[in-house]
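*Asks:* Read off the chains here:
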Amino acid sequence: MATSMRGLTQFIADIRGARVRELEEKRINKEMANIRKKFKDGNLDGYQKKKYVSKIVFTYILGYKVDVGHMEAVNLISSYKYSEKQIGYLAVTLLMHENSDFLRLVVNSIKKDLDENNEITNCLALHAIANVGGQEMAEALSEDVHRLLISPTSGSMVKKKAALTLLRLYRKHPDVIPAAEWALRIVAIMDDVDLGVVNCVTSLVMAMAQDNLDPFAVCCHKAVDRLNKLVIEREYSATYSYYKVPSPWLQVKLLRLLQYYPPSEDPAIRTVLHQVLQTIMNNSAEQSRNVQHNNAQNAVLFEAIGLAIHLDTNSPLVGTAAVLLARFISSKETNVRYLGLDTMAHLAARVDSLDSIKKHQGTIVLSLRDKDISVRRRALDLLYSMCDVDNAELIVGELLQYLKVADYGLREEMVLKIAILTEKYASSYKWYVDTILQLISAAGDHVGDEVWFRVVQITTNTEDLQEYAAKVVFEHLRTPSCHESLIKVGGYVLGEYGHLIANEPGYSPAEQFTILHSKSQFCTAPTRALLLSTYIKWVNVFPEIKPQLLAVFERYRHVLDSELQQRACEFFALASRPDDDELLQNICEEMPPFPPRESALLGRLNRKLGDTEDKRTWIHGGKEANLDREATRRGTLRRRTENALPDANISNGNVPSNGTGAEEADILSSLAGLDLSSSSMTPDIHAPLPPTPTEVKQPGPLLTHGENIDRWFDKLCYTNDGVLYEDVQIQMGIKSEYHNHLGRVAIYIGNKIDAPFTSFTATVHVNDPEALTVSFAKLPPSTIAPRTQIQQLLHVECKKMFTKPPIVTISFLAGSHQTIVIRLPIITTKFFENVKLGQSDFFERWKLIGGPPREAQVVIPIELSATGHIDIVKNKKIVSGHRFGLLDDIDPNPNNLVAAGVLHLSQAGKVGCLLRLEPNREAKLCRLTVRSTSEEVAAEVLKLLQLPLRRESNL
Amino acid sequence: MIHSVLIFNTSGVPRLTKFYTPLRSESQPLIRKIFSLISPRPASLCNFLDAPELQSFLGSKIGEEVRVVYRNYATLYFVFVVDGAESELGILDLIQVFVESLDRAFENVCELDLVFHFDDVHHILGELIQGGLVLETNVDEISEAVQTSQQTRKESFMTANPLALGVGAGGPRSSTLQTPLGWLTNKLTGVGAR
Numbered sequence: 001m002a003t004s005m006r007g008l009t010q011f012i013a014d015i016r017g018a019r020v021r022e023l024e025e026k027r028i029n030k031e032m033a034n035i036r037k038k039f040k041d042g043n044l045d046g047y048q049k050k051k052y053v054s055k056i057v058f059t060y061i062l063g064y065k066v067d068v069g070h071m072e073a074v075n076l077i078s079s080y081k082y083s084e085k086q087i088g089y090l091a092v093t094l095l096m097h098e099n100s101d102f103l104r105l106v107v108n109s110i111k112k113d114l115d116e117n118n119e120i121t122n123c124l125a126l127h128a129i130a131n132v133g134g135q136e137m138a139e140a141l142s143e144d145v146h147r148l149l150i151s152p153t154s155g156s157m158v159k160k161k162a163a164l165t166l167l168r169l170y171r172k173h174p175d176v177i178p179a180a181e182w183a184l185r186i187v188a189i190m191d192d193v194d195l196g197v198v199n200c201v202t203s204l205v206m207a208m209a210q211d212n213l214d215p216f217a218v219c220c221h222k223a224v225d226r227l228n229k230l231v232i233e234r235e236y237s238a239t240y241s242y243y244k245v246p247s248p249w250l251q252v253k254l255l256r257l258l259q260y261y262p263p264s265e266d267p268a269i270r271t272v273l274h275q276v277l278q279t280i281m282n283n284s285a286e287q288s289r290n291v292q293h294n295n296a297q298n299a300v301l302f303e304a305i306g307l308a309i310h311l312d313t314n315s316p317l318v319g320t321a322a323v324l325l326a327r328f329i330s331s332k333e334t335n336v337r338y339l340g341l342d343t344m345a346h347l348a349a350r351v352d353s354l355d356s357i358k359k360h361q362g363t364i365v366l367s368l369r370d371k372d373i374s375v376r377r378r379a380l381d382l383l384y385s386m387c388d389v390d391n392a393e394l395i396v397g398e399l400l401q402y403l404k405v406a407d408y409g410l411r412e413e414m415v416l417k418i419a420i421l422t423e424k425y426a427s428s429y430k431w432y433v434d435t436i437l438q439l440i441s442a443a444g445d446h447v448g449d450e451v452w453f454r455v456v457q458i459t460t461n462t463e464d465l466q467e468y469a470a471k472v473v474f475e476h477l478r479t480p481s482c483h484e485s486l487i488k489v490g491g492y493v494l495g496e497y498g499h500l501i502a503n504e505p506g507y508s509p510a511e512q513f514t515i516l517h518s519k520s521q522f523c524t525a526p527t528r529a530l531l532l533s534t535y536i537k538w539v540n541v542f543p544e545i546k547p548q549l550l551a552v553f554e555r556y557r558h559v560l561d562s563e564l565q566q567r568a569c570e571f572f573a574l575a576s577r578p579d580d581d582e583l584l585q586n587i588c589e590e591m592p593p594f595p596p597r598e599s600a601l602l603g604r605l606n607r608k609l610g611d612t613e614d615k616r617t618w619i620h621g622g623k624e625a626n627l628d629r630e631a632t633r634r635g636t637l638r639r640r641t642e643n644a645l646p647d648a649n650i651s652n653g654n655v656p657s658n659g660t661g662a663e664e665a666d667i668l669s670s671l672a673g674l675d676l677s678s679s680s681m682t683p684d685i686h687a688p689l690p691p692t693p694t695e696v697k698q699p700g701p702l703l704t705h706g707e708n709i710d711r712w713f714d715k716l717c718y719t720n721d722g723v724l725y726e727d728v729q730i731q732m733g734i735k736s737e738y739h740n741h742l743g744r745v746a747i748y749i750g751n752k753i754d755a756p757f758t759s760f761t762a763t764v765h766v767n768d769p770e771a772l773t774v775s776f777a778k779l780p781p782s783t784i785a786p787r788t789q790i791q792q793l794l795h796v797e798c799k800k801m802f803t804k805p806p807i808v809t810i811s812f813l814a815g816s817h818q819t820i821v822i823r824l825p826i827i828t829t830k831f832f833e834n835v836k837l838g839q840s841d842f843f844e845r846w847k848l849i850g851g852p853p854r855e856a857q858v859v860i861p862i863e864l865s866a867t868g869h870i871d872i873v874k875n876k877k878i879v880s881g882h883r884f885g886l887l888d889d890i891d892p893n894p895n896n897l898v899a900a901g902v903l904h905l906s907q908a909g910k911v912g913c914l915l916r917l918e919p920n921r922e923a924k925l926c927r928l929t930v931r932s933t934s935e936e937v938a939a940e941v942l943k944l945l946q947l948p949l950r951r952e953s954n955l
Numbered sequence: 001m002i003h004s005v006l007i008f009n010t011s012g013v014p015r016l017t018k019f020y021t022p023l024r025s026e027s028q029p030l031i032r033k034i035f036s037l038i039s040p041r042p043a044s045l046c047n048f049l050d051a052p053e054l055q056s057f058l059g060s061k062i063g064e065e066v067r068v069v070y071r072n073y074a075t076l077y078f079v080f081v082v083d084g085a086e087s088e089l090g091i092l093d094l095i096q097v098f099v100e101s102l103d104r105a106f107e108n109v110c111e112l113d114l115v116f117h118f119d120d121v122h123h124i125l126g127e128l129i130q131g132g133l134v135l136e137t138n139v140d141e142i143s144e145a146v147q148t149s150q151q152t153r154k155e156s157f158m159t160a161n162p163l164a165l166g167v168g169a170g171g172p173r174s175s176t177l178q179t180p181l182g183w184l185t186n187k188l189t190g191v192g193a194r
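As you go down the protein sequences, you meet chains A and B in turn.
Under UniProt numbering, the first residue of the first sequence carries the number 1, and numbering increases by one thereafter.
Under UniProt numbering, the first residue of the second sequence carries the number 1, and numbering increases by one thereafter.
Hints should not be assumed to be uniformly reliable.
[What the hints assert, rightly or not] In silico BS3-like cross-links for lysine-lysine, where the CA-CA straight-line distance does not exceed 27 Å:
(1) B:18 <-> A:81
(2) A:778 <-> A:735
(3) A:877 <-> A:735
(4) B:18 <-> A:404
(5) A:65 <-> B:33
(6) A:424 <-> A:404
(7) A:111 <-> B:33
(8) A:924 <-> A:943
(9) A:38 <-> A:65
(10) B:33 <-> A:371
(11) A:735 <-> A:800
(12) A:26 <-> B:33
(13) B:18 <-> A:172
(14) A:37 <-> A:81
(15) A:371 <-> A:430
(16) A:877 <-> A:778
(17) A:332 <-> A:229
(18) A:430 <-> A:519
(19) A:735 <-> A:847
(20) A:26 <-> A:38
(21) B:18 <-> A:519
(22) A:876 <-> A:847
(23) A:471 <-> A:424
To be clear, the hints were calculated from the coordinates, so they are not data collected in a lab.
As the structure is a prediction and not an experimental result, all values here were calculated from the model.
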């Protein structure tokens with residue numbers, strides 16, 4: 001550029017040549033005046049505009065305020081010359097921010113550039129939106145950005161930028177973007193061959209998934225699959241290895257993404273993930289000398305440890321991690337110490353037993369005295385998280401000691417944390433009072449009001465403590481310099497409970513008064529007002545010092561502060577009443593205990609910790625704190641998604657409408673909020689919702705419709721092999737075998753077209769995982785080559801009675817994104833084994849079971865075969881296909897069928913079931929009776945069997 | 001996300017300032033503040049710094065974590081201000097990638113390159129980070145993207161100014177990027193850090 005704009009180079013050189021700041025300013029003012037004049041005269045060509053705008057941008061970069069050139073920058077954007085357009089965009093992204101009015105003027109030019117069939121121009125436009133996009137741009141352009149992201153013709157460069165641009169718009173204005181609706185299509189791009197694209201899309205998915213956990217759930221499979229490729233199969237292009245570590249940024253992102261989801265139940269995924277984490281940890285054993293290599297490797301390692309902790313704190317992986325961390329926190333390298341402490345705090349926040357961490361308590365306490373404040377902060381966080389009843393006295397003692405020399409920036413947070421720990425883990429009330437008062441006197445200025453409020457609350461509510469508290473406060477007040485917060489506590493506690501110690505030597509009323517009043521002159525008005533209240537209480541209990549107290553009131557009647565004056569006047573009048581008057585006594589009645597309430601301290605701390613844009617996956621503090629938070633987060637999230645997607649719930653036939661449940665939860669949470677608002681500052685983080693049906697019930701996916709789909713399904717219900725689904729692109733078949741409560745189902749998936757299916761995913765959704773488990777034997781591959789077939793094996797186990805068949809979701813990219821959601825023919829009767837019974841046995845049991853409710857019966861219309869007869873063959877096929885044993889020679893009528901079977905359930909045991917089918921040719925009706933020891937089973941079998949019997953089909 | 005990317009020299013003069021979150025106040029005091037936080041830290045300390053002091057500048061929500069990750073190269077500090085969601089070491093690696101990319105574009109990058117080619121520096125940064133998020137981390141990809149845009153720019157300039165001097169058609173790109181030290185040397189002798 002310099003060669004092409006001599007004026008600009010000259011300008012820069014001049015400014016660099018300026019020896020003092022005044023000269024520099026002078027030069028800049030001169031230039032700006034010149035530019036303003038030129039702009040006013042108008043009639044500039046593109047080159048001149050570009051030159052002047054460049055100068056303005058340079059001036060801006062130097063830190064000067066710039067108020068011209070916006071309009072010219074806007075004009076440059078619409079130039080057809082790339083060099084001018086580029087400067088225009090640079091100026092727009094630097095000089096403007098998302099709320100600038102000028103941006104309205106560029107929306108159209110940007111839209112035009114997005115539509116252009118030229119990658120470089122697209123990129124400029126995307127870049128601009130990503131930097132300054134506001135509400136207006138989000139509304140006008142998000143569709144276009146999305147189109148560029150998913151279009152098969154977009155190059156990697158464009159896809160990357162489009163992904164991040166969309167992310168920016170989503171962060172700023174989530175309402176404009178239908179994230180849930182676009183979910184599958186966006187997640188599919190995580191299988192792109194270009195790792196740069198994968199990296200950007202993962203960022204996008206991570207942000208959107210946090211608010212839409214369920215629609216984006218597939219991303220877990222993708223993340224695990226990709227990690228497997230990077231870490232274990234080492235399948236990546238060489239340029240993406242950074243100092244021999246395969247794209248550490250992507251690895252970190254994927255590992256982080258997985259922490260937003262609950263640990264997967266799928267054994268295939270679990271095995272792979274375990275291998276990945278194991279490998280990452282093993283890799284770290286070999287530290288090389290290259291700094292960059294170590295950095296990159298550690299970045300991945302720390303995130304992997306975070307994920308291992310998230311998955312299962314009791315796994316051997318976490319054991320390995322704890323050993324590694326112990327080594328890190330005493331490392332010579334400061335960066336490693338810092339991250340070691342940080343990750344250990346994560347561990348402490350999650351594990352059941354803190355023992356492995358406590359072993360290193362000494363090292364951690366020493367880190368409080370590290371020469372680097374960053375390390376000290378992390379050590380403080382860790383100590384806070386690892387504190388429990390056993391080590392509380394020690395840790396709080398250390399913290400108190402450190403507080404005296406701590407950096408000012410740290411103190412306020414430290415005070416809060418010490419106060420919380422002291423209260424939470426106090427083994428005796430004495431220790432609690434001692435520590436808090438010590439805290440107040442050590443860090444007076446940094447003590448928020450909440451801290452001393454809390455002491456007063458606890459003292460008031462604990463009778464055994466009152467006398468001791470009064471004494472200790474008195475002792476603290478005796479020190480020559482004591483902080484105002486301490487005087488406040490002193491005023492309150494002595495006023496209420498001073499009489500408890502008044503008889504002991506050294507604590508007489510007169511002494512109490514002298515010591516407290518001697519402090520009052522250094523106090524602010526509110527504290528003095530509090531002291532006046534103390535005095536009026538004393539008038540009631542200490543008649544011997546009443547004259548002095550009256551004198552004080554008298555004096556305060558003339559102060560300027562209206563609050564003080566009013567109090568003094570009222571108290572004076574009250575105290576001057578005759579001694580036998582009961583009014584004073586009634587007024588100064590001892591305070592009743594406070595209603596038990598949430599500590600305001602935690603609220604304060606948590607407010608301080610508010611959410612970042614990418615939410616934290618854990619918070620400092622013990623295990624319960626994290627559990628609470630998790631529950632609340634899921635609760636609110638679910639409510640939010642439900643509110644956002646009312647249609648999905650209604651149109652979803654197989655899920656009972658849970659609208660009322662959500663309302664109930666809403667009311668409950670608002671009540672909870674009301675309850676806490678009395679302490680006025682606790683955010684709803686601490687209102688864990690009672691588990692409502694809404695939280696347990698997961699809405700199932702929306703089924704793909706089609707008449708054949710139902711027919712295929714019905715047929716597969718009483719056969720073991722057959723077609724599950726077919727269309728022009730894909731064919732799916734099933735082969736299955738069952739034995740007692742176990743089953744193996746092989747799904748064959750065939751690609752019928754001449755292009756590969758990419759980003760192939762298959763997931764199984766089970767409505768009630770307690771009753772039925774269905775899992776893939778291994779992770780499905782992500783591509784299916786043209787005209788080939790793959791086979792995926794499913795393991796099935798039936799534990800209890802279930803009614804809803806599992807649902808399989810298949811999605812893939814073949815030109816466009818396809819999703820097929822269908823039921824798997826895994827139903828209750830598949831777990832039947834037939835039994836042979838003799839006539840007498842059968843009737844005995846039949847009678848034993850008896851009529852309703854253990855009998856289910858229905859009369860259904862049937863169709864006769866072509867010859868006008870009852871289709872016995874078909875009926876037999878259906879009944880035996882449902883794995884019932886047909887019993888001949890029991891019913892004299894040859895048209896009737898009698899059968900028996902036993903349902904095997906691994907947890908609920910075995911359930912017997914008998915069945916009788918009586919067709920009537922004349923009426924074209926058929927009566928089906930099912931008797932079972934379990935009424936649930938009887939009803940279900942009836943439901944399953946009547947459907948195929950009713951239908952006419954060509955067998 | 002990344003709140004801002006700053007480069008300043010050891011005397012605290014900013015060479016690159018880029019903010020991805022709108023600032024509440026002017027940038028100058030913020031830059032001075034960051035410089036005052038970093039400059040006294042000796043090299044043996046870690047490269048990360050919690051900086052709650054910066055919250056008020058960034059207009060972030062109260063309680064959001066603000067972290068400074070920085071790295072020192074000769075006379076320059078590269079400083080990233082990030083939130084709690086970024087991996088610290090990841091950012092450190094990113095700084096390295098940024099420096100390597102600059103080095104490729106300028107061949108032995110030095111402070112002067114950043115001054116005279118401020119627009120190129122911004123474009124390179126734009127290929128690395130977009131809207132506060134990591135766009136690309138592969139040095140090859142980054143320099144390729146930078147080159148493509150450079151080429152396009154040059155071509156469009158050429159067609160507009162066929163007689164312009166010093167722009168050889170298709171000549172080595174680096175020749176146009178070299179700092180024009182030749183005719184500037186006279187003016188620059190004896191000038192200090194400014």
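*Asks:* Starting from residue 332 (chain A), check that the Cα of residue 229 (chain A) is at most 27 Å away, please.
*Replies:* violated (33 Å)
*Asks:* So if I understand the rule, the pair passes when the alpha-carbon distance is 27 Å or less; does residue 37 (chain A) with residue 81 (chain A) pass?
*Replies:* Distance of about 25 Å is within 27 Å: holds.
*Asks:* Quickly compare the C-alpha distance for residue 18 (chain B) and residue 404 (chain A) to 27 Å and report which way the hint goes.
*Replies:* violated (39 Å)
*Asks:* Next pair to validate is residue 430 (chain A) with residue 519 (chain A); report whether the Cα-Cα distance is within 27 Å.
*Replies:* holds (25 Å)
*Asks:* Next pair to validate is residue 18 (chain B) with residue 81 (chain A); report whether the Cα-Cα distance is within 27 Å.
*Replies:* holds (25 Å)
*Asks:* Below or equal to 27 Å on CA atoms is what counts here, so check residue 424 (chain A) against residue 404 (chain A).
*Replies:* Holds: residue 424 (chain A) and residue 404 (chain A) sit about 22 Å apart, inside 27 Å.
*Asks:* Would you check the hint for residue 735 (chain A) and residue 847 (chain A), treating anything up to 27 Å between C-alpha atoms as holding?
*Replies:* violated (38 Å)
*Asks:* Residue 876 (chain A) and residue 847 (chain A) were given as a pair; does the straight-line alpha-carbon distance stay at or below 27 Å?
*Replies:* With a Cα-Cα distance of about 24 Å, the restraint between residue 876 (chain A) and residue 847 (chain A) holds, given a limit of 27 Å.
*Asks:* Has the given pair, residue 33 (chain B) with residue 371 (chain A), been kept, meaning a C-alpha gap of at most 27 Å?
*Replies:* holds (21 Å)
*Asks:* For the pair supplied as a hint, residue 877 (chain A) and residue 778 (chain A), confirm whether the alpha-carbon distance does not exceed 27 Å.
*Replies:* Since the Cα atoms of residue 877 (chain A) and residue 778 (chain A) sit roughly 34 Å apart, the hinted pair is violated (cutoff 27 Å).
*Asks:* Regarding the pair residue 111 (chain A) and residue 33 (chain B), is the alpha-carbon distance no greater than 27 Å?
*Replies:* Not satisfied, since the Cα-Cα distance of roughly 39 Å exceeds 27 Å.
*Asks:* Has the given pair, residue 26 (chain A) with residue 33 (chain B), been kept, meaning a C-alpha gap of at most 27 Å?
*Replies:* holds (26 Å)
Against the hints set out earlier in the document, violations occur for numbers 4, 7, 15, 16, 17, 19 and 21.
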